[in-house]
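First to last, the protein sequences are chains A and B. Going by the working numbering, the first residue of the first sequence is number 1, and it counts up by one from there. Going by the working numbering, the first residue of the second sequence is number 82, and it counts up by one from there.
Hints are supplied without guarantee of correctness; some may be wrong.
Distance condition first, Cα-Cα at most 20 Å in a straight line; then the derived SDA-like pairs of lysine to any residue [as the list claims (entries may be wrong)]:
#: 1; chain 1: B; residue 1: Lys577; chain 2: B; residue 2: Leu561
#: 2; chain 1: A; residue 1: Lys33; chain 2: B; residue 2: Thr470
#: 3; chain 1: B; residue 1: Lys381; chain 2: B; residue 2: Leu364
#: 4; chain 1: A; residue 1: Lys33; chain 2: B; residue 2: Pro472
#: 5; chain 1: A; residue 1: Lys33; chain 2: B; residue 2: Thr549
#: 6; chain 1: B; residue 1: Lys577; chain 2: B; residue 2: Glu365
#: 7; chain 1: A; residue 1: Lys33; chain 2: A; residue 2: Ala68
#: 8; chain 1: A; residue 1: Lys33; chain 2: B; residue 2: Gln220
#: 9; chain 1: B; residue 1: Lys241; chain 2: B; residue 2: Leu230
#: 10; chain 1: A; residue 1: Lys33; chain 2: B; residue 2: Met550
#: 11; chain 1: A; residue 1: Lys33; chain 2: B; residue 2: Leu471
#: 12; chain 1: B; residue 1: Lys133; chain 2: B; residue 2: Lys381
#: 13; chain 1: A; residue 1: Lys33; chain 2: B; residue 2: Phe163
Hints were generated in silico from the structure; no laboratory data involved. Since this is a predicted model, take the numbers as computed values, not measurements.
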Amino acid sequence: MALFPVQGIFEHDFVVVLVPIDDEDPMTLVAEKIAHHTVGRRVAPQPRPMQVRHQGNTLAPDATVVSAGVAPMDVLQVSYT
Amino acid sequence: MPRLARSEWYDLTRDMNWTLSYVSDEDVWPQDLSNSYGIPTEKWWGWDEPYKITYPEYVHNQVGKDASVYSINAVLSRSRIFEELDPGWKSAILAHYGAIAVPEYLAGIGEARMGRFGRAAAWRNMATYGTLDETRHGQIQTYFPYGLLAKEPRADWAHKTMHTNEWGAIAARSLFDDMFTANDAVSTAIQLTFTFETGFTNLQFLGMAADAMKVGDVDFGALISSIQTDEARHSQQGEPTVKILIANGQGEVAQKLVDHMFWRSWHVFALLTGLSMDYYTPLEHRTHSFKEFMEELIVKQFMDQFRDFGLEVPWYWKEHFLPELDWYHHALHLGVWFWRPTVWWNPDAGVSPAEREWLEEKYPGWNDSFGQYWDVITANVRDGHPELTLPETFPTICNMCQIPLVNPAGFNAGRLAHPEPLIVDRDGRRLLFCSEPCKWVYEQNPARFAGQLSLVDRFLAGHIQPPTMEGALAYMSLSLAEMGQDATNYAWAFEKQLAVPGT
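Bound conformation, chain A alone (with noise of 0.2 Å):
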């Protein structure tokens, strides 16, 4: 358990964002992290599920960051399914 951090990018919203994660957090739980500082705040909620997408590809759900090959201060676009 590590803190971790990335650059979140919400489906929308005009700004990069510093996210601070745990490199033991599922792709679930990252996603609402990231999506903390941007939905409801910039950009409306909507009732959907959330995915990540790392380097163009959509991490399973229950990926973790340490799983993923996630590295720190790489991009990870969140957006609802």
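Given the structure of chain A, go ahead and fit chain B onto it with the hints provided.
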């Protein structure tokens, strides 16, 4: 007293050039301080300023300017003009003072360097006046806000900003250090006087002075006009320097210096002037949109200059620069407003229904691309959730311009191919860039820029303690009383769209 006409003695007295015999040229003009780009010493002696002035004339003119502008200030400081100014305009001038006042002193260092290390006596003569000019501009732009302190404590940031690690101050210092504080004399002439002053600030100051008069800020209008008259003179050091580089086969050097500094200047200009013109200036006093101002004045003048001097438009002009005119400053405005506790002025949202109509007219598609963010923000304000309009983390930041990465806004507006920043892993460090031109500038001279740490770099390196928003605000020297708040206390969010008659 000499009775000769100036034209009979001017050239003789200003051109005190001679061939060195006891020391080498390198000893007198070390490359780090005055890069000749291989042009022989005597070739520089043809440097000829377009605007000529003698020291007695200079002193006579400057005394008159100071007497005039300080008199206006002395009278108006007893009035209630400042208190009655539009809140957005107050924000614009507080942002201006913080970003510009102390850098004027720093520009004096650049001018003094040209005054000593310029490669022709005529140039050193002009730069000496430039040194005095910039010192005057530093003094006047710290004195005027000093007089406002009883009315607006944030005017303290005219002096304070550049001594802090506030993120805008880091961006401005990075630009100005590159441009003049840590630049050699020849490059300074191209990058400060030819690119930044002739290209941007000269026209900007004319526009700001006119806007100030329209909004009733006679004090600031007089100040800016007075400064502009100096800028118009000393900025002309660039033209003869460019001519000598081109005439001696170094046109590519001049081109690269211009390309480099035009881009860097553009980004900070968009941050300061873009926000002021399109969001902070009261709607009824706006004449141009920022994009119109850029296209009709800045871009046109640069195109004329490029043509007149045989330079090319910068390589990024069509693909990167022109598209940014449509979206970049809108994204920065949204970012500055949302992260308003991190700036020393009160950002004016500038998105009342009437202002949104104006934005849509000037920037077709603004409502679809930027209005949607403001819709969510407006709803949060109306619903009594201001906490949702405030940040809980940082944006990531470009390692060249030191400005937050708003690439997703460019992507959403259809002007960028993808929302991600550019990433370069170099020497064990991850560098982030907002654009190809910022990456290009960095990669032209990595050793020059590698020591700069963005605010996010500093956060990740543990310089900011505690590593929280509160810790970061303290690191930026922003106390609770100094942090920016919405300029109109959210009045814009409660204004109603006027019904159109007959509908």
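How the hints compare with the structure:
Distance hint between Lys577 (chain B) and Leu561 (chain B) is unfulfilled; the C-alpha atoms sit about 32 Å from each other, more than 20 Å. Distance check on the hinted pair: Lys33 (chain A) and Thr470 (chain B) sit about 17 Å apart at the alpha-carbon level, within 20 Å; holds. Taken as a hint, the Lys381 (chain B) and Leu364 (chain B) pair is broken in the structure, with Cα atoms around 25 Å apart against an allowance of 20 Å. Our distance criterion of 20 Å between C-alpha atoms is met by Lys33 (chain A) and Pro472 (chain B), whose separation comes to about 14 Å.
Our distance criterion of 20 Å between C-alpha atoms is met by Lys33 (chain A) and Thr549 (chain B), whose separation comes to about 16 Å. Taken as a hint, the Lys577 (chain B) and Glu365 (chain B) pair is honoured in the structure, with Cα atoms around 18 Å apart against an allowance of 20 Å. Pair hint Lys33 (chain A) plus Ala68 (chain A) holds up; C-alpha atoms about 17 Å apart against a cutoff of 20 Å. For the hint pairing Lys33 (chain A) with Gln220 (chain B), the CA-to-CA distance comes to about 48 Å; that exceeds 20 Å, so the pair is violated.
Taking the CA atoms of Lys241 (chain B) and Leu230 (chain B), the gap is about 13 Å. The hint holds against a cut of 20 Å. For a cut-off of 20 Å, the pair hint linking Lys33 (chain A) to Met550 (chain B) stands: about 16 Å separates their Cα positions. With a CA separation close to 16 Å, the supplied pair Lys33 (chain A) and Leu471 (chain B) stays within the 20 Å bound. For the hint linking Lys133 (chain B) to Lys381 (chain B), the alpha-carbon distance of about 26 Å lies beyond 20 Å, and the restraint is violated.
Using a Cα cut-off of 20 Å, the hinted pair Lys33 (chain A) and Phe163 (chain B) is violated, with the two alpha carbons roughly 44 Å apart.
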